[in-house]
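Order-wise, the sequence lines are chains A and B.
Our numbering numbers the first residue of the first sequence as 1 and each following residue consecutively.
Our numbering numbers the first residue of the second sequence as 1 and each following residue consecutively.
Honestly, the hints are just simulated from the structure, not real lab data.
Take these hints with a grain of salt, some might be off.
Heads up, simulated DMTMM-like pairs for lysine to aspartate or glutamate below, C-alpha to C-alpha not over 25 Å straight-line [claimed, not checked]:
#, chain 1, residue 1, chain 2, residue 2
1, A, Lys104, B, Asp30
2, A, Lys3, B, Glu83
3, B, Lys78, B, Glu62
4, B, Lys78, A, Glu44
5, A, Lys38, B, Asp30
6, A, Lys104, B, Glu107
7, A, Lys38, B, Glu107
8, B, Lys68, A, Glu44
9, B, Lys24, A, Glu44
10, A, Lys104, B, Asp57
Simulated DEER-style distance windows between Cβ atoms [as the list claims (entries may be wrong)]:
#, chain 1, residue 1, chain 2, residue 2, range
11, A, Ala114, B, Arg41, 38 to 44 Å
12, A, Glu17, B, Glu14, 45 to 51 Å
13, A, Val14, B, Gly16, 44 to 50 Å
14, A, Phe54, B, Lys78, 39 to 45 Å
15, A, Arg63, B, Ser7, 20 to 26 Å
16, B, Asp63, A, Thr80, 33 to 39 Å
Virtual Cβ for every residue (Gly too), placed ideally from N, Cα, C.
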Amino acid sequence: AQKVTQAQTEISVVEKEDVTLDCVYETRDTTYYLFWYKQPPSGELVFLIRRNSFDEQNEISGRYSWNFQKSTSSFNFTITASQVVDSAVYFCALSEASSGATNKLIFGTGTLLAVQP
Amino acid sequence: DAGVIQSPRHEVTEMGQEVTLRCKPISGHDYLFWYRQTMMRGLELLIYFNNNVPIDDSGMPEDRFSAKMPNASFSTLKIQPSEPRDSAVYFCASSLRVLGNTIYFGEGSWLTVV
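Chain A extracted, bound-state conformation (with noise of 0.2 Å):
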């Protein structure tokens, strides 16, 4: 059955420290998409990144880098050098192509970062 499984309930780092949140996946599909969303503390959910189960490169974008290993079914997210801005939810989400073209997404429990300046 699939599953994401975000261990790691909250997170409290001081402004300029590097942090990783961690997602772990299960699926049995062989197609496969994972998601990070992030939800600041005004609620609305934002898109950060999308990843296909065939391509594990992993992707920076500025202070933000994604790790994807197919062999521990792990999508981390670390942040570098984090501010107190980046304080807020994260989720990691799994949407499986046998769900068909629906990009049913399934979520994870989410993190929550805290950044204390």
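Starting from the known structure of chain A, fit chain B onto it as the hints suggest.
Chain B only, in chain A's frame:
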């Protein structure tokens, strides 16, 4: 381009009242989703539409919940009668009809039933 637009942003209502949440998806998107977020259950899919047709409503909790999409640019989620346990954030989202395409979310409707 405008994103997914939801209204109202916040609603406080009394138990037993009817609640209607509204959504305008991103223009050109074929899929529309309604999600609910609660502390206990996290983010869960309630129902989704493809080209205005409801495809899967298995996530709708009870008959008190209903959703419609009369046209490509408008959808409603209705709760009648509302109960305190319906208090949650309701998100509308939309995407193109491409497998693995990004789902874009609205800002959510924060519902409190007292």
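Tested hints:
As the CA atoms of Lys104/A and Asp30/B are separated by approximately 13 Å, the hinted pair is consistent with the 25 Å bound. Pair hint Lys3/A plus Glu83/B does not hold up; C-alpha atoms about 30 Å apart against a cutoff of 25 Å. About 11 Å separates the Cα atoms of Lys78/B and Glu62/B, which keeps this hinted pair within 25 Å; it holds. For the proposed pair Lys78/B and Glu44/A, the alpha carbon gap of about 21 Å is at most 25 Å, so the pair holds.
Only pairs whose Cα atoms come within 25 Å are accepted, and Lys38/A paired with Asp30/B is accepted, the gap being roughly 24 Å. With a CA separation close to 19 Å, the supplied pair Lys104/A and Glu107/B stays within the 25 Å bound. Of the pairs offered as hints, the one joining Lys38/A and Glu107/B holds, with about 12 Å between alpha carbons and a cut-off of 25 Å not exceeded. Of the pairs offered as hints, the one joining Lys68/B and Glu44/A holds, with about 23 Å between alpha carbons and a cut-off of 25 Å not exceeded.
Distance hint between Lys24/B and Glu44/A is fulfilled; the C-alpha atoms sit about 15 Å from each other, no more than 25 Å. Restraint check for Lys104/A and Asp57/B: the C-alpha separation of about 12 Å stays at or below 25 Å, so the hint holds. One distance hint, 38 to 44 Å for the beta-carbon pair Ala114/A and Arg41/B, is violated here, with the actual separation near 23 Å. Between Glu17/A and Glu14/B the Cβ separation comes to about 46 Å, which falls inside the hinted range of 45 to 51 Å.
Checked against the hint of 44 to 50 Å, the pair Val14/A and Gly16/B passes, with Cβ atoms roughly 48 Å apart. Phe54/A and Lys78/B have their C-beta atoms about 41 Å apart, which keeps the hinted 39 to 45 Å range intact. Remark: the range hint 20 to 26 Å for Arg63/A to Ser7/B is contradicted by a beta-carbon distance near 34 Å. Between Asp63/B and Thr80/A the beta carbons are some 49 Å apart, a value that contradicts the proposed interval 33 to 39 Å.
Of the hints listed earlier, those the structure fails to meet are numbers 2, 11, 15, 16, in rising order.
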